[in-house]
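There are 4 protein chains.
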Amino acid sequence: MTDAADLADRVQDGDLRLYELEEHADHETAATARRLLVERETGADLSAVGQYAFDAADADANIENAIGGAQLPMGVVGPVEVDGGAAAGEYYLPLATTEGALLASVNRGLSAIRSAGGAQARVTKNGMTRAPVFRVQGIVEAKAVVEWVEENVDRLREAAESTTNHGELLDVEPYVVGDSVYLRFAYDTKDAMGMNMATIATGEACELVEDETPADLVALSGNLCSDKKPAAINAVQGRGRSVTADVELDRELVEERLGTTPEAIEEANTRKNLVGSAKAGSLGFNAHAANVVAAAFLATGQDAAQVVEGSNAITTIEERGDSLYASVSIASLEVGTVGGGTKLPTQAEALDVLGVRGGGDPAGSNADELAEIIAVGALAGELSLLAALASRHLSSAHEDLGR
Amino acid sequence: MTDAADLADRVQDGDLRLYELEEHADHETAATARRLLVERETGADLSAVGQYAFDAADADANIENAIGGAQLPMGVVGPVEVDGGAAAGEYYLPLATTEGALLASVNRGLSAIRSAGGAQARVTKNGMTRAPVFRVQGIVEAKAVVEWVEENVDRLREAAESTTNHGELLDVEPYVVGDSVYLRFAYDTKDAMGMNMATIATGEACELVEDETPADLVALSGNLCSDKKPAAINAVQGRGRSVTADVELDRELVEERLGTTPEAIEEANTRKNLVGSAKAGSLGFNAHAANVVAAAFLATGQDAAQVVEGSNAITTIEERGDSLYASVSIASLEVGTVGGGTKLPTQAEALDVLGVRGGGDPAGSNADELAEIIAVGALAGELSLLAALASRHLSSAHEDLGR
Amino acid sequence: MTDAADLADRVQDGDLRLYELEEHADHETAATARRLLVERETGADLSAVGQYAFDAADADANIENAIGGAQLPMGVVGPVEVDGGAAAGEYYLPLATTEGALLASVNRGLSAIRSAGGAQARVTKNGMTRAPVFRVQGIVEAKAVVEWVEENVDRLREAAESTTNHGELLDVEPYVVGDSVYLRFAYDTKDAMGMNMATIATGEACELVEDETPADLVALSGNLCSDKKPAAINAVQGRGRSVTADVELDRELVEERLGTTPEAIEEANTRKNLVGSAKAGSLGFNAHAANVVAAAFLATGQDAAQVVEGSNAITTIEERGDSLYASVSIASLEVGTVGGGTKLPTQAEALDVLGVRGGGDPAGSNADELAEIIAVGALAGELSLLAALASRHLSSAHEDLGR
Amino acid sequence: MTDAADLADRVQDGDLRLYELEEHADHETAATARRLLVERETGADLSAVGQYAFDAADADANIENAIGGAQLPMGVVGPVEVDGGAAAGEYYLPLATTEGALLASVNRGLSAIRSAGGAQARVTKNGMTRAPVFRVQGIVEAKAVVEWVEENVDRLREAAESTTNHGELLDVEPYVVGDSVYLRFAYDTKDAMGMNMATIATGEACELVEDETPADLVALSGNLCSDKKPAAINAVQGRGRSVTADVELDRELVEERLGTTPEAIEEANTRKNLVGSAKAGSLGFNAHAANVVAAAFLATGQDAAQVVEGSNAITTIEERGDSLYASVSIASLEVGTVGGGTKLPTQAEALDVLGVRGGGDPAGSNADELAEIIAVGALAGELSLLAALASRHLSSAHEDLGR
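Residue numbers (the working numbering), protein chains in the order written: chain U, 4 to 406; chain B, 4 to 406; chain E, 4 to 406; chain D, 4 to 406.
Check the hints yourself; a few may be wrong.
[Unchecked claim] Among the chain B residues that face chain U by a calculated CB cut under 8 Å, a handful are:
{"no.": "1", "residue": "Q54"}
{"no.": "2", "residue": "G92"}
{"no.": "3", "residue": "T101"}
{"no.": "4", "residue": "E102"}
{"no.": "5", "residue": "N110"}
{"no.": "6", "residue": "N226"}
[Stated by the list, open to error] Below, in silico cross-link-like pairs of lysine-lysine (DSSO-like), each with a Cα-Cα straight-line distance of 27 Å or less:
{"no.": "7", "chain 1": "D", "residue 1": "K128", "chain 2": "D", "residue 2": "K346"}
{"no.": "8", "chain 1": "U", "residue 1": "K346", "chain 2": "U", "residue 2": "K128"}
{"no.": "9", "chain 1": "U", "residue 1": "K128", "chain 2": "D", "residue 2": "K346"}
{"no.": "10", "chain 1": "B", "residue 1": "K128", "chain 2": "E", "residue 2": "K346"}
In short, the hints are calculated from the structure, not lab data. Glycine residues also receive a C-beta, built at the ideal position from the N, C-alpha and C atoms.
Chain U on its own, in the form it takes in the complex:
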């Protein structure tokens, strides 16, 4: 600890910079020194932050200027049977959140789904995208660049794929706005979420574009990707996995387990998730899909900022006479089971609970499976919340009748 105090002193003396500590001590000591420094400067006590259960050196790829760990409660919901394209069998889903009642709600939904024999799920589209923007002289040059790109997709693929062992270039879609040309590259990144893979591969392809055309790269991301922004292009075209989960519940099941009727749930969905979202100018036609996406992302080491795209979900409810059909379609769920935060201890354990840690066989199947299970979790959350809204209304309707 002496060493840490000494490092903290040196930072305070202006002798060292806060980010240089790992050059002078091991990762634990560096983090301790930073806590000391921040405690001195702010008066805060950072003892809980210091009680992290991972090896600071192992987190080196995940953070800079480390001071320790943030701890969120983790719980588990399920089990639930999933009939998926990749998922098969029963799953417990670990969720990390600080929002009380969320797991109880999802669990109630899963319980109803379980009683119905489980949910179906399918990944219907897959592609991680990166869209650089190039400067050209004007529309004449833009058109020429687009034509070159369309005629040279094979060369672009060769360049892009030269940077990766696993990734495959699926598509390059050009967009033109005046003297800017955007090329949206889409990759199959297998079990990796793939943002880095897509970026590096696209960087290589951009060099080819710059070499062979008059286009000049302005930014490797031109926001048509679109990463961590609420964008229609993702909601319409998808990004990462497009995945749907659905279930059909008997009327009695709805009434007994969810305390309401198919008609009431359908009405709540129509007025709230469809018409309400329409009036709000929304890209999310659901009740709270982001809650489940966020909690599953935090538990399993996904990128929390990509909850943004994970909220591009449409929930549909259909009364089918003796049953209720419910579905959630998430357009752009960006998940991986390798890389990023998936190697950290609690995250790796959570992936193990789902049986999807590491690369799948075939490649990509673990990430597909994870996407399908999260979609089922989101479906459960939708069912449960819509039922709660509908039944509260029903009960108040009953009270009305009693008056």
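We have chain U; now place chains B, E and D onto it with these hints.
For chains B, E and D alone, kept in the frame of chain U given last:
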């Protein structure tokens, strides 16, 4: 531990349900039992999940079916001087993430801001919203309900505020779609993020609406709120805090510290954040504001699913001759310094680092301060990423000249 | 004609400019000269364009560089009974279009509505907006300007209203993005569509803002108005009239007159207008409301480019057991019965058919009435097209059974 | 006239229906009879409506329940040199509108463009779309249908193209939302706007889908087309022609002809068209492109309701040292030179003025040419309005200095 094993057995025997364990044991034991059960059922090892550093009983309001904790690396960036409406002085900003290079990038931006004497920040609007949807017979009745609401805002306020010690009803905005009436209630929830407060207060106001008009409540949230969905209504009208941070950097500072020019950063911002986002049909005209929002939210106990709304940000860059003006305006940043996840140990410590734990004086000032600091962090992230994009291009431009 | 030929010669000789002809001849002659010139230059025959039935001098306020008239077929649909806030009684609706089958379709819908005893309609909101953008130094100044505006609404109203005999300032809503401040002024412009009135009044108010605050006007329209652009702000907050029309049709009526069932129409609406539009990232949740808006606009002298905002409509369909409820809510229908193209002969006659030419009593009631009737026309169009889609499906379903 | 009066009597007596008159008289008489009837019923005088200059029988494909014609003033702007993919040479552009100052404004812009040697224009994408929606049992079936579609594009093409002599199926893009499958068919419809061609061809393809898969057609249009609605799918992916026009103007030209500076125009564009539209949640990042689109559509016989999609335009302005670069990119401009309203007399003449009436050689080139010229007109309108805003500001700035 015997006790936990016994509980796990009873769950496996169908004797107990997974969520009932806290009725038969203390919270730690219940969580241990669930880990045991999940380990048996899935073969996963949950030892890291079991090494959490908070009191399970204290997290009872944050999670159900607890099995332990998720741990993410936390680091710190800064210090940076903030001239805010509520913020004043130097701040270290704690961030929790698993995305490598994020803190380094933000820190580089903050360093440039620091050299410029710090950033300005202001909360320009504040209001947590909840928008129930009511069923009416048709447009004639809808119009009558809207008129009643407009004439009875005081009574609605009285009803709503009867449920809260702190919250104040700011506004009720009616929206009509056919036979659905949506009322968007906006509250000043002071230092609380306020979703629960707004929901409870609105529930009380809804009873008054139902008593006095022919409208029937269908759902307490009709998605015009709009919580955890990417919706234009939030990007346009705001939700939680609307907050802007900005800074003016000397040209030399840009060149020396960011390795590029004001012109190049402006161009990258225009082609990427403005035109690119426009073409993407986006509500987020920024580079990666959600990254900073997410990392700050995780560190300080905010609701991770509300990163969705936090991504409704517009970044502007303006070359001003001898300087560069940069700003980030986040339309709907939903933060609190009381309630939710803010009481958990690592989160409380992170708030202490910022000096904003608990209720502010005056009420609301701590949450304002937190919003302003996060906005400054997002500004730093934008500057840093835009500069990286711009300088990479510049360097390749230099290579071009060398050919 | 000699005179016209002479003028055409002089333009060809470079002696006169094309737009200067009215300075040298009467309006008819000037138009004739331009036709001659264009005929010579392009080889086109403009005889039909020359057969216009209005006085060229009267159209001087509507066009420059006149060459004659464009003629579109006009037809009429109805009659239909409307129970509106301003509308009352039976109406024939004149429509001008070149799209075959449109009037037949709308007429079929109106016929069904007529059989149901007519439609209800209400204007639920009214306000023509203009939103200038100001440059400020940064967020600190922006906040000060916003505060000044909020404290000086009365002075802004006085300034704005000094420019108009009829218009009333309803509201000024400030929006801040970095160093830009947008003020969205909303006016009750009575029976005028009001864009000019709002622009002039806002211009006056802007001078006050510039005089009293450090803000500099950059553009009198900052696109938060938002005129003739497809913008969420209009779909959410409304512009011009927000108007809803609805009707309840007996099941037998649906079956006999529309050849389908309430269930089938509801399903078509849900999958197409709600879920399909959701997936399309749309601000228009309807089948073809713009068709009726456009045809009514052309017939009655409205601004054709404002069809853009008129397409911000949500159609809802609800099977109610023995009946079908249908509604169309147009968020931003910008109409006037004075000014603009309303004085031209065929347009004035079309307004006379509706009984809404000129200023209403009370002021604004004619424009309200026009808005309500157009909404009923749009409702008829929606019903008819949805029924056609649904019944085609039904008939093919019947064929399926026959196989 | 006796005959018409007699027909009108019979309608009033309930003996005939308003739409049946063409079965009992020629088209002129039928229209006259309807005018009589409407005059009697409403007291309106329809003499101007009766003075139309086309043959009522010829308009039979364009209207039902005809009463005559709507007449709008038509003017002409230009000439302007266009260097296009299809357009080449000088053009006068006919515009029909009732909005005073519009032609003067566009003409001022064109005059500046002309001084700069003309504008460039290119169609960068072309495809008219129709997207039916099918009902399936759930996601498992949806996935199977999508796979069948992807494997049977050739059969779908064969079916679709069997209905048309000219159209070519370019692409079929599937979208899944729960138990709804949307297939977006895109066609090259050559010189026709092509909505009807696309609908008929898609109808045939739908039969194949229904025959070969479990999918049931619910609606031939599922709103992912998306016709006459303000939808991101069109703004992002395009519909009809995606077309860009641009120009580079010398600084002196800007100063002398537009009375302002490149810097001032760029600032107005950034704060208004980019940032303002961003804050408005808009799909239209332009000043008033819809004005030119609408006026050109009315003059040349296009579908006025498709002005909606024509407003999906992005304007960019770039100060380039000694010059100003300006561009307008319209994502979804739906135009044709055959069919629809293009055969009507004034419309045909207007197309002749442009030299694009009827089918082009090669097929499609006339519609491309029309699209390019309209884009140049829109560019002129943008330049002119932005310059007016910028110079008004400059002049007031000058006044400020004079104080």
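So, going through the hints one by one against the coordinates:
{"no.": "1", "hint": "Q54", "in the structure": "holds (4 Å)"}
{"no.": "2", "hint": "G92", "in the structure": "violated (11 Å)"}
{"no.": "3", "hint": "T101", "in the structure": "holds (3 Å)"}
{"no.": "4", "hint": "E102", "in the structure": "holds (6 Å)"}
{"no.": "5", "hint": "N110", "in the structure": "holds (6 Å)"}
{"no.": "6", "hint": "N226", "in the structure": "holds (3 Å)"}
{"no.": "7", "hint": "D:K128 / D:K346", "in the structure": "holds (26 Å)"}
{"no.": "8", "hint": "U:K346 / U:K128", "in the structure": "holds (26 Å)"}
{"no.": "9", "hint": "U:K128 / D:K346", "in the structure": "violated (44 Å)"}
{"no.": "10", "hint": "B:K128 / E:K346", "in the structure": "violated (44 Å)"}
Hint check: violations occur at hints 2, 9, 10; the rest are consistent with the structure.
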